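Engineer: This is what each chain is made of:
2 protein chains.
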Amino acid sequence: MGPRPDLRRVLEPLGPVVVFAASNFPFAFSVAGGDTASALAAGCPVVVKAHSGHPRLSAATAEVVHHALRSAGAPEGLFDVVFGTEAGRAAIVDPRVKAGAFTGSIEAGRALFDLATGRPEPIPFFGELGSVNPVFVTEAAAERRGPEIVSEFVGSFTLGAGQFCTKPGILLVPASAKLVDRLPGTVPGNALTLLNDRIRTSYASAVRELRDTAGVRVVVSGDHAATDPSPTVLCTTSAELLGDPEALIREVFGPAALVVEYTQESELLDVARLIDGQLTASIQGEDDDAIAAELIRLLAAKAGRVLWNQWPTGVSVTYAQQHGGPYPATTAPGTTSVGTEAISRFLRPVAYQGVPQHLLPPALRDGNPLGIPQRAS
Amino acid sequence: MGPRPDLRRVLEPLGPVVVFAASNFPFAFSVAGGDTASALAAGCPVVVKAHSGHPRLSAATAEVVHHALRSAGAPEGLFDVVFGTEAGRAAIVDPRVKAGAFTGSIEAGRALFDLATGRPEPIPFFGELGSVNPVFVTEAAAERRGPEIVSEFVGSFTLGAGQFCTKPGILLVPASAKLVDRLPGTVPGNALTLLNDRIRTSYASAVRELRDTAGVRVVVSGDHAATDPSPTVLCTTSAELLGDPEALIREVFGPAALVVEYTQESELLDVARLIDGQLTASIQGEDDDAIAAELIRLLAAKAGRVLWNQWPTGVSVTYAQQHGGPYPATTAPGTTSVGTEAISRFLRPVAYQGVPQHLLPPALRDGNPLGIPQRAS
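Line order of the protein sequences matches chains U and G. Taking full-length UniProt numbering, I'd label the letters of the first sequence as residues 1 to 377. Taking full-length UniProt numbering, I'd label the letters of the second sequence as residues 1 to 377.
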């Protein structure tokens, strides 16, 4: 190579981004949510495809964003909102668009991913799709803290009427602890408000399908007669789960959960090996559990976040947050959609070689006029 | 969110990687090249699909790698080599494989990208495909340093017989400077060795096609009668180029280049706006060129590396290197395949929440037993 050239690298915006708004966080992950914020922060123009579940809120939020951007002196056309499936489809295949971000179902997310990667110029598509967020309860934990675990589990899977991406949909417990018997007395019987009619319909049919699957019995039968359902808890065994994972390990968006009873603690490892990519995987264990180290190792290979004696429904917006995971949790396993690192999805590095000071981006000039962190070697 | 949980994030290996070896760097970017090195460094097992251009060298290199890994105490099965198109195709769709890396043609790279993204579980595919690496010569530079620029250009596009990914395939010059007239006396007439028969055949047909395109004239006619060709230089105008970019802006792998004469310096901006994604884009300019700032800005949006008064064929392996770029330069514009940052393609973040010290990966434990850089907040 000879002597090294003067080479300076900086992150620059990827280009216009289409954000497909989520249904379940009309404020935090919709028009002005995390994807929009991180794309704008990266310097990318944003087109939001509004979610059909809250069109008027979307329009109102867009007005607020427009006003804020104008007040801050942002260039015209930096941000806009489009409505309808067709508009979203047109946006993701538009040659001017350079990335997509999405939060929603596996079906819709995969369809958009296929459009984004099938373009003449394929573009990165950061989809956060589906996750059942399994919780693994060890024998010792069930024995020492069974009632507490059941109560916290119910609180977590019914939080926000079970409409969190990180809702714990599966709880694996030792059959011997008989924790299932505690559920009817713990699960609240009142109706929980779902966000819109489409979610209500999908939820009712997903619960019905899972309930009617061979090997599943009803522990708490949610009331579906009313507009909004009360929680449902179903139960099966780890043998059934391992025998037909496709039918039994499925995200049900809403206040339902599947309790899986195991007979040997080692079946927790079998399930950990079997599951698809997850946003989160949690363990309720005791510090001296012999199975813990191996279980954590297996779950870290499957999930973006591994929790110990905590519940996944809180997603702290911090440096260390990882809201992502192998497919189908996301379509981009190296990325996160929550936390400070979310911005890096919308940046691309550019190296400048031998460029004179006055022609370099300010971030790369000698003397560091922007006062930003730099690494020199 | 309430009080923040104890959340610690670390990068972990993505999983088994298939590396499709390049033809043009049988050592530096083949069996034991940059992709293999960065995937292994990330902790990922590697299956190399050997390039058909150097099968015996590939097998011999694999032996060296096997021996080195065994000597270092690496686990069995961490590395292997497969041969043949079918084996490569089978590897990229194998459910155990979690990422692909590739250096080669747009056609082959796109086919593999489509396989990788079309899987039931799509996986990241880091393809480095095609780039014409245009060089923009300003009027002032042509006037002050014309002969020097021509001579350096010839040295760069014929280096390694023009088989570099970063070969400058297009040189834009002011027609008024008559630099084209200098080329016949500067381009060497001797045969340059191409790496294999397939490259020879493709090269001959690509040169023929470009030469026969409307608006193209021959400046230096390479000798194709011999097994190995001598360099070819073709010429056209920026008006022709802007009129039919698809026909005229094409990578020719081997010692050929297209000189493009412009009449107005502002046509450099038109070409910069028009070109597809590039690994590199270079400017030969003078510090006080009025066009420089805008030209650099436009080129930074198209290329992974922007050079000023330097030639792109040297690719320094450093922290700041960016060997990547928007499609079709690569299939993953946020990544580089050369330089220290190449490792990050094969890593995924995992966050550990509330996990006891003895169950955390050593990198995340209090007291930092591995002594690695950490950020705490």
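A hint or two may mislead.
Because identical chains share one entry, a pair is satisfied inside a single copy or across any pair of copies.
Below, simulated SDA-like cross-link-like pairs (lysine to any residue); rule was C-alpha separation at most 25 Å, straight line [to be verified]:
id, residue 1, residue 2
1, Lys-178, Val-64
2, Lys-302, Ser-344
3, Lys-302, Ala-41
4, Lys-178, Asp-244
5, Lys-178, Thr-263
6, Lys-178, Glu-76
7, Lys-178, Gly-160
8, Lys-178, Thr-193
9, Lys-302, Gln-374
10, Lys-302, Glu-76
11, Lys-302, Pro-356
12, Lys-302, Pro-362
Quick caveat, the hints were computed from the structure, so don't treat them as lab data. No experiment lies behind these values; they were computed from the predicted model shown.
Engineer: Take the hints in turn and mark each one as holding or not.
Structural biologist: The hints, checked one at a time:
| no. | hint | in the structure |
| --- | --- | --- |
| 1 | Lys-178 - Val-64 | neither (52 Å within a copy, 57 Å between copies) |
| 2 | Lys-302 - Ser-344 | both (22 Å within a copy, 18 Å between copies) |
| 3 | Lys-302 - Ala-41 | between (30 Å within a copy, 21 Å between copies) |
| 4 | Lys-178 - Asp-244 | within (23 Å within a copy, 74 Å between copies) |
| 5 | Lys-178 - Thr-263 | within (11 Å within a copy, 85 Å between copies) |
| 6 | Lys-178 - Glu-76 | neither (62 Å within a copy, 43 Å between copies) |
| 7 | Lys-178 - Gly-160 | neither (27 Å within a copy, 72 Å between copies) |
| 8 | Lys-178 - Thr-193 | neither (30 Å within a copy, 76 Å between copies) |
| 9 | Lys-302 - Gln-374 | between (34 Å within a copy, 24 Å between copies) |
| 10 | Lys-302 - Glu-76 | between (43 Å within a copy, 23 Å between copies) |
| 11 | Lys-302 - Pro-356 | between (47 Å within a copy, 20 Å between copies) |
| 12 | Lys-302 - Pro-362 | between (41 Å within a copy, 19 Å between copies) |
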